[in-house]
Each structure stands twice: as structure tokens, then as C-alpha cells.
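*Asks:* The lines below spell out each chain.
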Amino acid sequence: MTSTLTTGAHESGAVRTPRRGSGGSVRSRPNWLGGLFSCLWLAIVLVPIYWIVITSLKQQSDYFTTNPFAPPVNPTLDNYQLVIASSFVRYFVNSVIVTVGADVPAVLISFMAAFAIVRGGGRLLPSLNGLFLMGLAIPQQAVVIPVYLIIIRLHMYDSLLAIILPSIAFAIPLSILVLTNFIRDIPGELFESMRLDGASDWHMLWHLAFPLTRPALVTVAIYNGLIIWNGFLLPLVLTQSPDRRTLPLALWSFSGQYSINVPAIVASVVLTTLPILALYALGRRQLLSGLTAGFGK
Amino acid sequence: MTGLAPPIVLPTAPPVSRARRSGSLAWMTLPALIVFIAFAVVPLGGVVLLSFTSWDGIGAITPSGLTSWTSVLADPGLPHALWVTFVVIALSWLVQTPLSILIGVFIAGRQRYRGLFAVLFFIPLLLSSAAISITYKALLDPNFGLGAGLGIPLLQQDWLGRGDLALGVVIFVVSWQYIPFHSLIYQGGARQIPRSMYEAAELDGAGRVRQLFSITLPQLKYTIITSSTLIVIGSLTAFDLIFVLTEGGPGDATRVLALDMYKRGFQANLMGPASAIAVILVCVGLGFSLFMRWLGGNAAKSQLEGA
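Chains F and L, in that order, give the protein sequences. In terms of this note's numbering, the first sequence opens at residue 1063 and continues consecutively. In terms of this note's numbering, the second sequence opens at residue 3 and continues consecutively.
Don't read these hints as lab results, they were simulated from the structure. Think of the CB as a built atom: it goes at the ideal place given N, C-alpha and C, for glycine as much as any other residue.
For the chain L half of the interface with chain F, some residues (derived, Cβ under 10 Å), not all of them: (1) Pro45; (2) Phe124; (3) Leu243.
Turn these sequences into a full structure, and let the hints steer you where they fit.
*Replies:* Written as C-alpha cells, this is what we have:
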């Protein structure tokens, strides 16, 4: 309404093309303040990232003698070789096992629970839902001591399973929250017509709800996956031998071990980040929407 | 976000189809329920029980009444840890909120170059706290880091060796890590503000700053509360980053509550007092969450009155 008033009737067709239409011209005055802060912030974000990439390619001897922001004079992959030789492949495999081993079961059992909460009735299921949602308020740090005790008593200390089980538990509350909201949006008639065809709940779970919920399942899986992949506290507390380390823990001990060899340390940082950066490049939109799962709107 | 989400998003979930097959589906929640109870609910009760025992982390657990609590409450380390925690929370809120709003609103624009900005902005979200801390530790090293390399004395401070500077560095690095996340939340919020509101304001001759304060900020009220809750709880439980960056040091300058708990429990082997700290951590977190929900409720009320 207002835009036709400002631009005149002859341009009213342009209102419908959002990019360069009259809607754009209303806000075309540049946002200097936002632009300034954004450029500043962009520099703050990119400078350390640029620095770790170029430094990881420098020779250790050059590192002390050259300008830290100049590209390497004699670029080398020695640092990466050193990192890989320090059994980073092993840590990478550990991280993959922990992330996949926790994320896939977490999403599947949360999905089953979310389906039951939405489709089942009675008094029990809503209160179970309340119990799961309460989990959103439990900080991992606060319960890590009893988790450690439980893991010891189960004779699982210093195994990857010790990291996987609590990671599943902490992924459940948010997964259920997001998935119940999504399953609620599935029209009830779809379930009814399937029921008339004689389908069981179990069948509807996997053949109706599962395909329709797939985008939410991916979103939740990405969110959980990133948190588990980057997790530090559980591996720190629940494992001890070097060959059980996950990548963040390996990074930490590596940096303690080679504290003066800065190029090697930053090479390890780059190397552990590459898999996620690759995922980011492949599915940026999915990843970002995964990150705000449950917080948006 | 170390595994903690805001209680503020809790919806009041109405069960959709009032059931004909009441409870017959309950078994489907069993796998999730078992893992969740074993590794989240039981530990939550367990930490309270453990705070009334003494345990060195390996040997037998013996009940010890209130000794852990009296030792923790009498320890001057506790008020110090609480104070450092509050400073970290307050300053990270003050740094992150205005910047995230400005950046989020800016990248909410549909211009293509802003999209490119956004792609680069979000990179810190992908890095682990350990990776970020290690990078900054190397970058800020007084002998081998940025200041030494550039020969700028101002940058050549002993960043992590002086208490006040180290606390500042912690807040800077926490902000560096999380501002992208909060910008993302504000970007989503800002995109939902109806454009017609800005057009009307434009007609009335309102400038950009005026629009920011009269339209954008009031419309983002809920987003601000959600994001603030996440900032507060995130800073309260910030562990990985501070642990790798400073280990609580120098001295105890950056020893926040979560770190205090870890050090007492897993380094000094005093699991009883560490559990008492953990209980305090849970209570402070719950207190903040309830306060934020209360703020949210008030915001909802005033919006209704305004309508």
C-alpha cells in the first residue's frame, strides 16, 4: 500500500520484483553504521584465519624471521606431515566413530520418542515430554562428576563408548523438542488413511513420519554432530590413553607438546577444521539452519 | 554452546490428537528414556548426593555430611570464582549483544554482497573451542606471536600472563566465537519484521537510527531475550575455551565456576567439594534461566498492552 503511494502508480508492477523494485529503493540509503561494524568484524574474523593458514605453510625457522602476515617465502607441507605423523589419522577416526556413533542413535531414538509423544495420548507421554524438556536446563559441566562415576562403575572408562553414551543423552532433549514440533505439522489425515489401510504404528513411524520429517532430522543431526565433533569435556574426563583421544583433545595435547613449534600447532588446527569447512562449503544452508534448530523465530 | 539450550524455548506442548490408543505408544520412548535417565537425570540427582560425601575419584565413596559444603562455603575461592563468572557473563553480554544485533540486522538485508559477508562471518561457528583457544594462544604469545612479529610494542603485552588482560582476552575470544551464532539468530529475527513498518517510518521521515530504535529493536524483543539467555548460560558454562586458553590463570584470574569445579574434582581429587560447586552451578544457571523467562513474560505482557 504505502509503497505504491511513494513510487507512483506507473511503477506498481515493480513492487512485485523484490530485488531492485520499489521495495528496495525505500531502503536503498546505505546502512553506514552496520556496514562499518560489519567490515570491522569481518577483519577481526578473517585475520586469525588468514594467519593460521599462511603460518601453517611456513618453515619453523622462517616463522621467527619473517613478517607474520607475509605469505610464506618457502612454502612447505612439512608441518602437515609432522601432524599426520603424530597419529592424527587415529584421532580423526576416533572423532568420526564418536560423532557417528552418538549422533545416529541419538537422532533415531529421539525421533521414535517424538513420534510417540505427538501421536500417543494419555497422561504418561506429556509428562515424559516434560522430563525430556527439563534436560535442556541441565548443563553438562554440572553433571560430569556423576557421569564419570557411572562410567567407571560400568567398566567403560577410557573407551570411546564412554564418550558416546553421555553424548547421546545430552543430544536427546533438543532433538525431541525440534522433532516433536515438526511431527505435529504432519496432517492427521495422513495417519488416519494409513491406519485404515491397516498399517501399524511402527509402520507409520518409518514409512510416513520418517520421510516427511527428513529435513528436520537432517537439521537436528547436523546440530548434534557439530557439538559432539567439537566436544572437549567428555573426552577429557572420560578417557585417558592417547589412542582414545578425539581431535579437540589431541589438538590440546599436541599444542602442549610442541609449544614452540607454532607452524606445526596451527597446521594441526587447520587440519582438524578442514572436514567441517568442507561440509560448510557443501551444505551451508543446511548447516546454518541446523545451528539455529530450536532457537529460531 | 556446550550442550545447553535455553529453557526459554519450552513450548507449552498440547498433545495433538487426544488419544484413542492411550499410552500404547509409550514403549517407543523407552530407548531415549533409558539413556537420558542414566546419563542426565540420575547424574543430576547424583551430584547432589555426591556433595555430601568425600571421594578422591578412585577409591571408596564415604558419606561425610556437610563437610564438603562447609569447606566450599568457607573457601574464599568461591566468592572469587562467582565474581569472575559474573564478570565474564556481564562483559560478554555487553560486547556480544550490540555487535550481534548490528551485524545480524546488516546481513538480514538481501543484497548479494551481504550474503558473501554472511558466509565468511559464520566460519568461527565451525571451529572447536580447543582450536580457537590454541590459535589465540599462539597469536598472543609475547615472544613468538603477533606483537613480536609485527614489532608493535602495544601488541607485545603478556596477554595471558597478566590477570586483567587475560580476563579481557577470554571475553574477546568468547565473543569472537559466539557473535556469529547470535548474529545468525538476529538475522532470522530481523527478516521477520514486516517491511511495511519501515516503509511507513520512511514516509514519516524517520531516519535509520530512529528506525533502529523505534522499529527494529522493539520487534526483536523476543530474539534479544532468547539470545541473551544463550549468552548468559553459555558464558556460565564456558569451560573448554577457558581451560585451553588460560587454565584459569594467571593465578586464579580467570577461574570461573565451571573451571573451579573441574580443578577441585579432577585435579585436586576432591570430588565432594567439586560436586558442591556443581550444585551451585546448576542453581545459578536455573536462577538466570527463570529470570530470563520472567523478563520474557513481562515483554509479552507489555506487547499485549501496546497492541
